[in-house]
Amino acid sequence: MIIARPLPVTLVRYNRPVAPEKLLDLFRLARDCGILTGYWDITGRRVRATPDRLLPALRAFGIPIERPEEAGRFLRERQLRRWQRPLEPVYVAWDGQPPPIILRVPVGSETGWVRLALELEGGEVRRHDVDLGTCPELGRSPDVARVAKAVGLPGTLPLGYHRLRVEAGPGAEALIISAPLRAARFSGRGWGVFLPLYALQTDRCWGVGDFTDLRALTDWVKGLGGRVVGILPVLAAFLEEPFEPSPYSPVSRLFWNELYVDPTAAPNFAECRAARDLTSAPEFRAALEGLRAEPLVDYQRAYSLKGRVLRLLADDFFGRYPDHPDFRAFLKERPDVEDYAGFRAAGERLRTGWGGWPEPLRSGRVRPGDFAGEALRYHLYVQWLADRQLAAASDRLYLDLPLGVHPDGYDVWRHRELFALGTRAGAPPDMFFTGGQDWGFPPLHPERLQAAGYAYFIAALRHHMRRAAMLRLDHVMAFHRLYWLPPGLDARSGVYVRYPADELYAIVALESTRSGCGVVGENLGTVPPEVNPALERHGLLGMYVLQFELRADGWPRPPSAHDVAGLNTHDTPTFAGFWFGRDIDDRRELGLLDEIQAAAEAAARERLRAGVLAFLREAGLLGPAEADVGAVLRALLRFLARSEAALVLVNLEDLWLEEQPQNVPGTSQERPNWRRKARYSLEEFSKMDVVRETLEALNLLR
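Using this note's numbering, the first residue of the sequence shown is number 42, and each one after it goes up by one.
FYI, nobody ran anything at the bench for these hints, they're computed from the structure.
Be aware that a few hints might be false.
Stated by the list, open to error - Label-pair distances were calculated between CB atoms; the ranges are:
1. PRO528 with PRO376: 47 to 55 Å
2. ALA493 with ALA602: 32 to 40 Å
3. GLN341 with GLY632: 26 to 34 Å
4. ASP93 with PRO376: 45 to 53 Å
5. ARG683 with ARG392: 51 to 59 Å
For clarity, every value in this text was computed on a predicted model and none was experimentally measured.
All C-beta atoms, glycine included, are put in the ideal place defined by N, C-alpha and C.
Work the whole structure out from these sequences, hints included.
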């Protein structure tokens, strides 16, 4: 999850008295839009949305309301539009069984006949004549003289996305998602490892891990019996102007980050004299050595160096292979890549976010004269390389789909109608973030996403699932609700907005089944009660993080068969850092804890450590004289390995007792987030006895 710096806001306060009936209309309008008028916070306290929260939330939703007294009119307009719409926009047919179709017809025709045309995804059309007189009536609207009927569809539908059309006037079309109830199953009791790709270092890397390094890591893990290698998102990022290297604020959820391409694995590298001369030049080799020697990833220097080589290779490729068959196949597979390449090429010329572009570029119309041709070809070429190089490691990859995208990125530019622009997603206050969290990216608008048939969401899933064995869905609670911070509100005063969970789960289950990719829902933090049962019902694994599952006395709740279990995540302290209380020291240094609070937390952590030791000894996982952090770590991994967890994921850095985290939530420049390299290279840690022996023991237990 991205934790962005809060944006400056001016809080809006609506202090005028409101008549009770008008206030009731405001609440009804909010609920009609899916805006929650209250929620239970992490402490169990009921937080109610007041008019000064609901009014900007409704405006962010697209309703031009200024005063509570206007709510009744807008509510009636929404209800009338709903009645005038013959069909709902989307229906879900679980396991191919069509649900009753709500059909709204004019009064007077409710006993007549209507023809339905169901166009299946494969092109077949099924027609069905319905006697409305035999269909149950669901209600009437005298305002628009409409009757709602429940219409049944015969037979079973094949899996896929189908279109239902009715001869009943404009708008009489709906999407039917025919999906399996459960996603692809992750079978067995497997294990895997986790390490961000940018942190992976090898003897041959260019200061940041690349897809060739990733393949070497997956081959090594596969040789030890591991099922997956987990990494953070490797999506396209802004690495020049604007600059934002966070994996959770990508330019797009539809394209890869060319920083991770290995130029020496390009099919024309051996033939490109200019690229070979550059990479063998003494000054270039010296620059590479300098990047390798740095303890932190220098994204801009690494991208500048690698980009010089990739641009030479791109120029050579298009001159040498104008009709390369695999490249042409890639363009056919991904026709949208040319639009993306045009966006990136235009951005390179203008060197600013798209909000500052001139028209018509800002509105999404980019023409050949708006960018340099070589820049367009470069982005086509590197996307092809990235996709093909990532495919080489895909049978073991555990990828991560972030919740949001950068507001200046391609997805928001091209699909802006799907986003609540000007609004930011975030999280309400909790015990760690008393001021709440502002993640800085615009949330998807649930009704607009639905009206567009979820094409963007489907494309993002397919982009990842075609290259992953497992996919982690960041903040899966957003399938149910997401915390919005409309303009004028800060993270303490946002509102929750509901999303069509059934439809989102149906799409995930369908795409997962088609690709064979297992799915994990990141269900950490404030989790509504309906989330975990939904994950289990639809075959998505949840996440078990030992640091969060320890009781105050140090005894852990065991993971279930529906969990991916680990000691920590990229957003938490490493195990050694947690064991020694480095996170408490860090929060005190950042001003998040005062001396008294820090002392209390340190005392609680000491009691927790004692309890963990007692538990492990009673369980026979730790000897009576063992107490060093390495022995405790291995004992806890044995506890997880013996559990029912579907997958045990080991943070490789834990195995050499790394104390520094990859990310400190709530910070940006204060900590080197997303930049810290692994202390040891792949060549080094793959030969370390403690690493190999721990993973071999884990494999035997699993």
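Status of the hints after comparison with the structure:
no., hint, verdict
1, PRO528 with PRO376: 47 to 55 Å, "36 Å, violated"
2, ALA493 with ALA602: 32 to 40 Å, "36 Å, holds"
3, GLN341 with GLY632: 26 to 34 Å, "29 Å, holds"
4, ASP93 with PRO376: 45 to 53 Å, "46 Å, holds"
5, ARG683 with ARG392: 51 to 59 Å, "55 Å, holds"
When held up to the earlier numbered hints, the structure conflicts with hint 1 and nothing else.
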